[in-house]
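Peer 1: Sequence:
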Amino acid sequence: MSTSNEDRIKGWRSRRKGGHYTVGAGVASWRLDPAALFEARAAPAVLFKPLLARLQGEPHDSVAARRAVYEAVQAELEAEIARSAVDEDLASFSRRRLRIIVRLLEQDIRAGVAVFEPGYMPARLVAEDERLAAAHARRVERRKQDEAREARRHASRNDIALEIEVARDEVGDLAILRDRLRALHEGCPQDAVGTVRPVGRTLMAMFIYQVRVIQGESRIALVWALLGPVVLLTLISSLYILMGMHYIMGMDVQTFALLGATTWIMLRQIAFRSSTAYVSARGLLNFQGVTPLMCALVQSLIYVSIYLVVFGVLISAGHALGFITLPISWAGFILFVVLMGGCGAAMGLLFGTIATFWPFFLRLAPIIERFLQIFAAVFFVSEQLPEQLRPWMLWSPFAHGMQLLRSAYFLAYQSQDASLGYFLTSLVFLMVVALMAESLARPNVQPM
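Numbering of the sequence shown is given in my numbering, commencing with residue 63 and proceeding in unit increments.
Derived from the structure by calculation, the hints contain no laboratory data. The structure displayed is predicted, hence computed values, not measured ones. Hints are not guaranteed to be accurate.
SDA-like, lysine to any residue: derived pairs with alpha carbons at most 20 Å apart [unchecked claim]:
#1 Lys-111 - Arg-158
#2 Lys-111 - Glu-138
#3 Lys-206 - Ala-217
#4 Lys-111 - Leu-139
#5 Lys-206 - Asn-506
#6 Lys-111 - Ala-195
#7 Lys-206 - Arg-344
#8 Lys-111 - Met-183
#9 Lys-111 - Ala-189
#10 Lys-206 - Ser-154
#11 Lys-206 - Glu-232
#12 Lys-111 - Ile-171
#13 Lys-111 - Leu-166
#14 Lys-111 - Asp-170
#15 Lys-111 - Ala-147
#16 Lys-111 - Gln-136
#17 Lys-111 - Ile-226
#18 Lys-111 - Arg-186
#19 Lys-111 - Glu-140
#20 Lys-111 - Val-131
#21 Lys-111 - Ala-127
#22 Lys-111 - Ile-162
#23 Lys-111 - Glu-168
#24 Lys-111 - Gly-181
#25 Lys-206 - Ala-141
#26 Lys-111 - Ala-185
#27 Lys-111 - Val-188
#28 Lys-111 - Asp-149
#29 Lys-111 - Glu-133
#30 Lys-111 - Ala-141
#31 Lys-111 - Ala-134
#32 Lys-111 - Leu-94
#33 Lys-206 - Ala-189
#34 Lys-206 - Ser-218
#35 Lys-206 - Ala-196
#36 Lys-111 - Val-175
#37 Lys-206 - Ala-195
#38 Lys-111 - Arg-161
#39 Lys-206 - Val-188
Given these sequences and hints, build the entire structure.
Peer 2: Right under this line is the structure:
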């Protein structure tokens, strides 16, 4: 046993004598430099060189010895983080950088690479560090955005001014802007300074702006506003004509299909456009008097106006060709079209407010719309169904509105199931619920 121990001691001494380290050598180069260590965009050498110097100056012939060096450097890094009061993101970045350096260095040592040669650096260290730095920059930017969003939300909820720190290179530009704004205010009449812009003028300005946007960017959508109803009424008419039906309870199939298809496409467009406008109104909220509710209402007014024109074109052209009959009361017909548009506006506002809490909801909105379409008297009226099935259709206020619309259009059809009181009550209730939801969701939509 004694011989064995002596052999081990001799072997250890020979390995230590032939090793490439001297205990305590280069201690000054071991120390981490806090000024360079936590500097923005510092190179990985600020951590790699002290680690390599310490590893060379201490025993490193075994994995356990090297692990002791790594843990010592880790402890010193933690002490510097605590001493310098570094924020958690930068501290996490430094820890991750050290782990990457240790991993790559240990791989090269085990592969027999001469790691203590001058100028050595792991081959993949720069690429790995750049990837880590890019991820760190994304986390920092995301945290800044979250903090700015929370500050805007806090200012909006508490009705206080939001103060934003101005970058140093923008201070001069801000001073110039203030001088020019002061000159503009001095040129305004004294009675107009500080007055609030009337809601009607703001609404009209928003209406004109959105019309120009549609004209400049969505001309295909305007063309489809005419072609979409034509395609759908063709499908509905073809279905009835193939079944040998040219009249439905005194209503000709073509006009019956035109009213159902165009009205429902209008309601769908209003619901989807107004809900999207409510959520995406952040850029326009910087203007005085503009609110998410106003943006949604403007979209509703635009598409009600567009589809009133579409109705006029399709009815006039169809009547000239002998396919479409004229309404018995233009006023009643237009009134119910506008009321159905109001249903779409209320539904769109409700969808938009829900989307501020659950953004994924707008992807489910088309499924909800298709389900409501089945019970909305688009393809048939309740009088065509057996008595036991009518209640399943008449729970929907859209079915009542659609049948009242056809009753106001056709002389031969007066719906026995549709209730004007139920339709109007449901419409008012839907609007009240949408407005209540909007008041709750309003703080979640902040200016950009």
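Peer 1: Taking the hints in turn, state whether each one holds.
Peer 2: Verification of the supplied hints:
{"no.": "1", "hint": "Lys-111 - Arg-158", "result": "16 Å, holds"}
{"no.": "2", "hint": "Lys-111 - Glu-138", "result": "14 Å, holds"}
{"no.": "3", "hint": "Lys-206 - Ala-217", "result": "16 Å, holds"}
{"no.": "4", "hint": "Lys-111 - Leu-139", "result": "14 Å, holds"}
{"no.": "5", "hint": "Lys-206 - Asn-506", "result": "18 Å, holds"}
{"no.": "6", "hint": "Lys-111 - Ala-195", "result": "19 Å, holds"}
{"no.": "7", "hint": "Lys-206 - Arg-344", "result": "18 Å, holds"}
{"no.": "8", "hint": "Lys-111 - Met-183", "result": "9 Å, holds"}
{"no.": "9", "hint": "Lys-111 - Ala-189", "result": "17 Å, holds"}
{"no.": "10", "hint": "Lys-206 - Ser-154", "result": "17 Å, holds"}
{"no.": "11", "hint": "Lys-206 - Glu-232", "result": "19 Å, holds"}
{"no.": "12", "hint": "Lys-111 - Ile-171", "result": "15 Å, holds"}
{"no.": "13", "hint": "Lys-111 - Leu-166", "result": "14 Å, holds"}
{"no.": "14", "hint": "Lys-111 - Asp-170", "result": "15 Å, holds"}
{"no.": "15", "hint": "Lys-111 - Ala-147", "result": "23 Å, violated"}
{"no.": "16", "hint": "Lys-111 - Gln-136", "result": "14 Å, holds"}
{"no.": "17", "hint": "Lys-111 - Ile-226", "result": "41 Å, violated"}
{"no.": "18", "hint": "Lys-111 - Arg-186", "result": "16 Å, holds"}
{"no.": "19", "hint": "Lys-111 - Glu-140", "result": "17 Å, holds"}
{"no.": "20", "hint": "Lys-111 - Val-131", "result": "13 Å, holds"}
{"no.": "21", "hint": "Lys-111 - Ala-127", "result": "18 Å, holds"}
{"no.": "22", "hint": "Lys-111 - Ile-162", "result": "14 Å, holds"}
{"no.": "23", "hint": "Lys-111 - Glu-168", "result": "14 Å, holds"}
{"no.": "24", "hint": "Lys-111 - Gly-181", "result": "10 Å, holds"}
{"no.": "25", "hint": "Lys-206 - Ala-141", "result": "27 Å, violated"}
{"no.": "26", "hint": "Lys-111 - Ala-185", "result": "15 Å, holds"}
{"no.": "27", "hint": "Lys-111 - Val-188", "result": "14 Å, holds"}
{"no.": "28", "hint": "Lys-111 - Asp-149", "result": "24 Å, violated"}
{"no.": "29", "hint": "Lys-111 - Glu-133", "result": "16 Å, holds"}
{"no.": "30", "hint": "Lys-111 - Ala-141", "result": "18 Å, holds"}
{"no.": "31", "hint": "Lys-111 - Ala-134", "result": "15 Å, holds"}
{"no.": "32", "hint": "Lys-111 - Leu-94", "result": "9 Å, holds"}
{"no.": "33", "hint": "Lys-206 - Ala-189", "result": "26 Å, violated"}
{"no.": "34", "hint": "Lys-206 - Ser-218", "result": "18 Å, holds"}
{"no.": "35", "hint": "Lys-206 - Ala-196", "result": "15 Å, holds"}
{"no.": "36", "hint": "Lys-111 - Val-175", "result": "16 Å, holds"}
{"no.": "37", "hint": "Lys-206 - Ala-195", "result": "16 Å, holds"}
{"no.": "38", "hint": "Lys-111 - Arg-161", "result": "14 Å, holds"}
{"no.": "39", "hint": "Lys-206 - Val-188", "result": "27 Å, violated"}
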